[in-house]
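Novice: As a plain string of letters, each chain reads:
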Amino acid sequence: MIERHHASAAAVCAVALAAAAVAAASFSAHRAPDVLVPGAGVTEVRMLSDWFPGLDGTPGDTEVYVLRGAEPGGSMLVLGGTHPNEPAGYVAAALLVEDARVARGALYVVPRANASGFTHNDPQEGAPTGFSFPLPDGSTRTFTYGSRATNPVHQWPDPEVYIHASSGQSLSGNETRNLNRAYPGREDGTLTERVAYGITRLIVGEGIDVTVDLHEASPEYPVVDAMVAHERAMPLASNTVLGLELQGIGMSLEPSPKNLRGLSHRELGDATDTLAVLFESCNPSQGRLRGRTDEALVVEGKDPYYLRAAALGRLYVPFDEGGVPLAERVGRHLASIAELAFSMGMESEDEGLELSGVPGYDEISELGVGAFLSPAPEAGS
Amino acid sequence: MSHESLLFLLMLGAFAAGSFALRLPVSLSMMLASVAAMLASGNGLGVRHLVEGTFGYVDTMLVIATAMVFMRAVQESGALDAITGIVIRRFGRRPAALLPMLMLVAMFPGMITGSSSASVLTAGAVVAPALMLLGLPRETAGAFIAIAGILGMVAPPVNIPAMIIGGGIDMPFVGFGAPLALLTFPLAIAFSWALGAGKARPVDPAAAGTGPGEELYRRYGPRLFLPVLLVVALMVLGKAAPSAFGLGLPVTFLIGAAAACLAGRRFNALAAAKAAIGDALPVLGILAGVGMFIQTMTLTGVRGFVVVGALSVPPALLFAAIALTMPLFGAVSSFGAASVLGVPFLLALLGRDQVIAASALSLVAALGDFMPPTALSAMFAAQVVGVERYSLVLRKLLVPSLVVVLWALAFIGFSTSIRGFL
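Those protein sequences? They're chains A and B, same order as listed. Counting with my numbering, you get residues 1 to 381 for the letters of the first sequence. Counting with my numbering, you get residues 382 to 803 for the letters of the second sequence.
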């Protein structure tokens with residue numbers, strides 16, 4: 001006869017297994033990559049492992065979309081999804097892939113720079129697994145909302161303290177999975193360091209003139225609605241900020257700190273010839289002051305607690321009942337990229353990058369992201 | 382009342398009902414509170430979220446479980462009795478010198494790992510018998526090693542809450558050594574004397590009953606201490622040469638436990654490991670429950686309600702908000718308090734010396750390890766000194782905690798002057 005405590009233990013195990021099965025199904029579904037629809041401007045789709053074979057077959061390998069113009073000119077690399085919980089960068093990069101055309105020069109786009117980070121959410125952040133946009137034809141496109149860091153299933157365990165390889169700088173252990181603390185990367189390092197190394201190899205191999213890392217920051221963070229530039233990129237960044245101001249898009253310009261290591265704008269600028277800049281837009285869904293965390297917060301950017309914090313003077317950006325919609329943040333990134341490309345031509349005619357088809361700030365704010373996305377291909381097509 | 386405030390009350394009510402009316406373990410009460418808020422907020426059972434929340438503590442659980450196995454192995458091998466015997470014979474007649482020494486020894490693992498639990502469960506367990514032989518009651522000895530745990534966690538060179546707070550505003554962990562040393566070492570020495578005052582007395586080794594421990598030492602010699610020394614060496618090497626020795630704490634503790642099986646008195650390793658995991662299970666369960674609780678708070682907006690509430694106080698009361706909310710939020714996790722409240726508070730303290738302010742905030746956040754229901758540092762300290770109810774240890778920690786808060790706030794208030802001094 002089964003003893004009573006054995007029966008209760010069996011019941012608890014059964015409930016735990018059922019919960020594990022439900023959660024496992026959700027976690028597995030999260031790993032399926034989104035389908036992007038390359039537009040007519042895409043001339044080639046390559047993988048990051050083409051520049052660093054050490055990534056081949058690993059969860060760190062990721063698509064590199066190349067949009068090459070008919071005329072030679074300057075080159076720009078756009079990194080989206082360095083932090084997959086900062087959706088404006090990912091969606092802006094996806095729109096470049098689907099809509100942009102290049103007449104002169106070459107545009108390289110990596111929408112999911114940290115592909116592993118897209119396969120999970122940060123524990124205790126209560127984040128949604130994805131968010132959707134309605135398209136004019138009535139269909140929807142869904143994008144993954146991921147984590148700031150590489151999936152621990154792919155890189156584990158974290159050390160207690162992360163020591164940045166080339167500088168020896170100490171950071172808390174979980175930063176060991178943060179791509180934007182891993183540059184310039186290491187050939188034989190962790191998965192995150194190898195992804196950073198792959199991006200560095202791409203820049204060196206293709207002779208990329210300008211590198212843009214797309215990010216978002218919480219409204220209470222001092223560097224928000226901002227461009228951070230390596231000292232060599234300052235003249236180009238200044239022209240870009242001026243051009244944005246003329247369009248009515250406020251953007252602050254921050255120098256890349258020399259004592260904060262591992263970041264793209266510092267290390268790529270130091271280790272390669274590229275002019276490295278980073279954009280930050282304002283994302284309430286990643287902040288510590290936010291209220292209910294769901295897909296609506298990600299897409300609409302409205303939050304009652306940020307409204308209260310704004311009234312208390314605790315924020316670094318204006319925040320009203322309208323919130324900061326994702327469409328507006330994506331528009332800000334795209335307008336900055338277009339202006340940066342324009343400024344490249346002003347700096348040097350040989351290094352010009354002529355872009356077209358990139359949705360403008362006003363039109364994307366008005367019509368929404370869905371208006372500029374292609375319908376997803378039918379399953380099996 | 383806002384929806385989030387009602388949800389917060391529901392979570393607290395469900396937790397209280399689970400703990401007191403249904404007499405459930407703390408871990409299950411936290412799960413009950415999480416499920417109640419999930420249902421009330423329209424998230425269904427939120428199974429994926431509940432499981433995901435627990436993942437935040439997987440590494441901590443491994444550290445605690447393996448540290449418990451290591452300590453049990455060291456205890457069974459006879460090393461603790463032997464160390465106590467030797468310490469009392471050498472220094473037992475000079476408690477005023479011995480107490481600060483024991484405090485610094487108890488802090489050491491926390492200083493190099495950033496974990497108060499590692500400190501309490503390793504060096505804390507080593508010094509506890511000596512403290513009790515000096516005359517400290519069990520509860521006071523527990524408070525002694527618990528406070529050593531959090532001071533060790535904050536003291537340089539490794540302070541994870543400060544790294545988390547700095548990381549939130551892109552401030553590198555550079556220049557923290559001197560402020561953290563000034564924050565912690567004077568307190569450590571003062572507390573060692575204060576907790577021993579009126580209780581610690583010179584001990585005659587012959588009358589202290591340390592004979593069996595010394596007999597073990599005579600039989601096995603210094604090799605008895607090799608497991609402890611090996612673990613300390615691996616911790617230090619892990620920091621000095623991480624590429625070669627960065628094994629991580631769980632593997633380090635398991636190596637130490639294996640060494641303890643061979644170093645001294647023979648014992649049944651499997652039975653010792655099972656007993657250690659049995660002792661650790663309630664705490665591991667609490668961590669899982671806390672993970673669910675935080676995930677639910679964040680998902681439903683309760684976290685925002687708490688954080689913005691803390692920041693809503695007038696500037697004059699900002700210090701009071703720091704003193705109250707950070708240790709209270711530490712009830713769910715001191716690292717969580719550093720991240721969720723430490724970063725916004727540091728931003729609210731712009732204009733002061735940021736390194737000193739972040740250092741002081743990390744000290745206040747660390748007090749969360751005394752806050753029930755998790756109270757990791759106090760709970761493990763009670764376990765180490767053999768006190769059944771950890772609330773008895775907590776009582777002894779009330780005044781030291783108050784002193785710690787006032788000391789940290791003074792550092793924030795006078796951060797600019799202190800910078801000049803440094």
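Hint data in this document are derived by calculation from the structure and do not stem from the laboratory. Since this is a predicted model, take the numbers as computed values, not measurements. Please note that a few of the clues may not be correct.
Here are the simulated DMTMM-like pairs of lysine to aspartate or glutamate, each with C-alpha atoms no more than 20 Å apart in a straight line [said to hold, decoys possible]:
{"hint": "1", "chain 1": "A", "residue 1": "LYS302", "chain 2": "A", "residue 2": "ASP273"}
{"hint": "2", "chain 1": "B", "residue 1": "LYS620", "chain 2": "A", "residue 2": "ASP158"}
{"hint": "3", "chain 1": "A", "residue 1": "LYS302", "chain 2": "A", "residue 2": "GLU354"}
{"hint": "4", "chain 1": "A", "residue 1": "LYS302", "chain 2": "A", "residue 2": "ASP270"}
{"hint": "5", "chain 1": "A", "residue 1": "LYS258", "chain 2": "B", "residue 2": "ASP551"}
Output of the computed footprint for chain A on chain B, the stretches with three or more beta carbons under 8 Å from beta carbons of chain A [as the list claims (entries may be wrong)]:
{"hint": "6", "stretch": "504-517"}
{"hint": "7", "stretch": "570-578"}
{"hint": "8", "stretch": "689-701"}
For glycine and all other residues, C-beta sits at the position ideal for the given N, C-alpha and C.
Novice: All the hints need checking, so say for each whether the structure fits it.
Specialist: These are the hints, each one checked on the structure:
1. A:LYS302 - A:ASP273: 40 Å, violated
2. B:LYS620 - A:ASP158: 13 Å, holds
3. A:LYS302 - A:GLU354: 35 Å, violated
4. A:LYS302 - A:ASP270: Not OK: A:LYS302 and A:ASP270 at ~39 Å, beyond 20 Å, violated.
5. A:LYS258 - B:ASP551: Within the cut-off at roughly 12 Å; holds.
6. 504-517: This one is violated; 0 residues, fewer than the three required, reach chain A with a Cβ under 8 Å.
7. 570-578: violated (count 0)
8. 689-701: Since three or more residues must qualify, the claim that chain A covers the stretch 689-701 of chain B holds, with 3 doing so at under 8 Å.
Hint compliance for this structure: hints 1, 3, 4, 6 and 7 are broken, all remaining hints hold.
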